[in-house]
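Chemist: Sequence:
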Amino acid sequence: MREQGDVLPRADSTVRRSHVTNGPADADAKARLRGEVLERRRRRAGAARRGAEAGFSRHLARVLAETNAPDVAAFLPLPGEPPLLPALAQAHERGHRVWLPAVEPGRRLSWVRWQPGTPLAPGALPGLLEPTGQRHGTEAFTAVGLLVVPVVAVGRDGVRLGFGGGYYDRFLPVLSAAGHRPRIMACCFADEVMPAGSVPRESHDAVLDTVLTEHGVVVLREPAGDRSPAPATTGRGATPCGGSETLPPE
Numbered sequence: 001m002r003e004q005g006d007v008l009p010r011a012d013s014t015v016r017r018s019h020v021t022n023g024p025a026d027a028d029a030k031a032r033l034r035g036e037v038l039e040r041r042r043r044r045a046g047a048a049r050r051g052a053e054a055g056f057s058r059h060l061a062r063v064l065a066e067t068n069a070p071d072v073a074a075f076l077p078l079p080g081e082p083p084l085l086p087a088l089a090q091a092h093e094r095g096h097r098v099w100l101p102a103v104e105p106g107r108r109l110s111w112v113r114w115q116p117g118t119p120l121a122p123g124a125l126p127g128l129l130e131p132t133g134q135r136h137g138t139e140a141f142t143a144v145g146l147l148v149v150p151v152v153a154v155g156r157d158g159v160r161l162g163f164g165g166g167y168y169d170r171f172l173p174v175l176s177a178a179g180h181r182p183r184i185m186a187c188c189f190a191d192e193v194m195p196a197g198s199v200p201r202e203s204h205d206a207v208l209d210t211v212l213t214e215h216g217v218v219v220l221r222e223p224a225g226d227r228s229p230a231p232a233t234t235g236r237g238a239t240p241c242g243g244s245e246t247l248p249p250e
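Per full-length UniProt numbering, the sequence shown starts with residue 1, numbered consecutively.
These are calculated hints, taken from the structure and not from any lab test.
Be careful, since some hints might not be right.
Each pair of labels, with its calculated beta carbon distance range [what the hints assert, rightly or not]: (1) Pro105 with Ala54: 19 to 29 Å; (2) Gly51 with Leu129: 17 to 27 Å; (3) Gln115 with Thr142: 16 to 26 Å; (4) Gly95 with Asp28: 45 to 55 Å; (5) Pro116 with Glu202: 30 to 40 Å; (6) Ser203 with Val103: 14 to 24 Å; (7) Asp28 with Arg107: 17 to 27 Å.
Predicted model only: the values in this text are computed from it and were never measured.
Yeah, the Cβ is synthetic: ideal placement off N, Cα and C, and Gly gets one too.
Assemble the whole structure, with the sequences as input and the hints as a guide.
Modeler: What follows is the structure, encoded as structure tokens:
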């Protein structure tokens, strides 16, 4: 784990490798965990989601200021996901170019420039809206300094639990092979950051270093098996972007 006073990892260290186990039992365990977390999301009160908007906006703005990133790539949240749209609108207002994904055949992702008012259309996946406009491949990441990746949950060892489609597990190696290495950060609610070893990992699963929550940025450094409590750097287990400031209660 990262102690208070440390800074976020370098951009070239944001996707790591972790202990891998494969097999039907791992896939079944991931499916069960995914179902549990998504059910909790469905039960999350609308007022709680709306109350989280300000936290996501504040902490994303701090990360963007630290990374000095002209562009940010993120995602259009599904119902129940972290309410990122106000944060992305704020990023646009502050001069950042915002890119959002669109699903292509073969479970690939392309990227569309977004700003408030950009028309949205139903995407390839049920319930998913996508921005309309010209679609780009990895060339869209020429100036992207931060990529915010959706997760259902993430372990403190960095193991990411996605929705099961494998879109980002396919995209991240392609992005790296193209020579683009933005800071890659998971995004979920604070109660979806789980103890190390809680999220099973298969060989295709990406491992991330940091996660953006409504309470701050959590640095994921804890090895599996070490389940001691995280240092209370903000009172809620989250580290503010610079790591040396204590955030006020939400």
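Chemist: None of the hints should be skipped; say for each whether it holds.
Modeler: Hints and how they fare:
| no. | hint | result |
| --- | --- | --- |
| 1 | Pro105 with Ala54: 19 to 29 Å | violated, 38 Å |
| 2 | Gly51 with Leu129: 17 to 27 Å | holds, 23 Å |
| 3 | Gln115 with Thr142: 16 to 26 Å | holds, 18 Å |
| 4 | Gly95 with Asp28: 45 to 55 Å | holds, 46 Å |
| 5 | Pro116 with Glu202: 30 to 40 Å | holds, 38 Å |
| 6 | Ser203 with Val103: 14 to 24 Å | holds, 23 Å |
| 7 | Asp28 with Arg107: 17 to 27 Å | holds, 21 Å |
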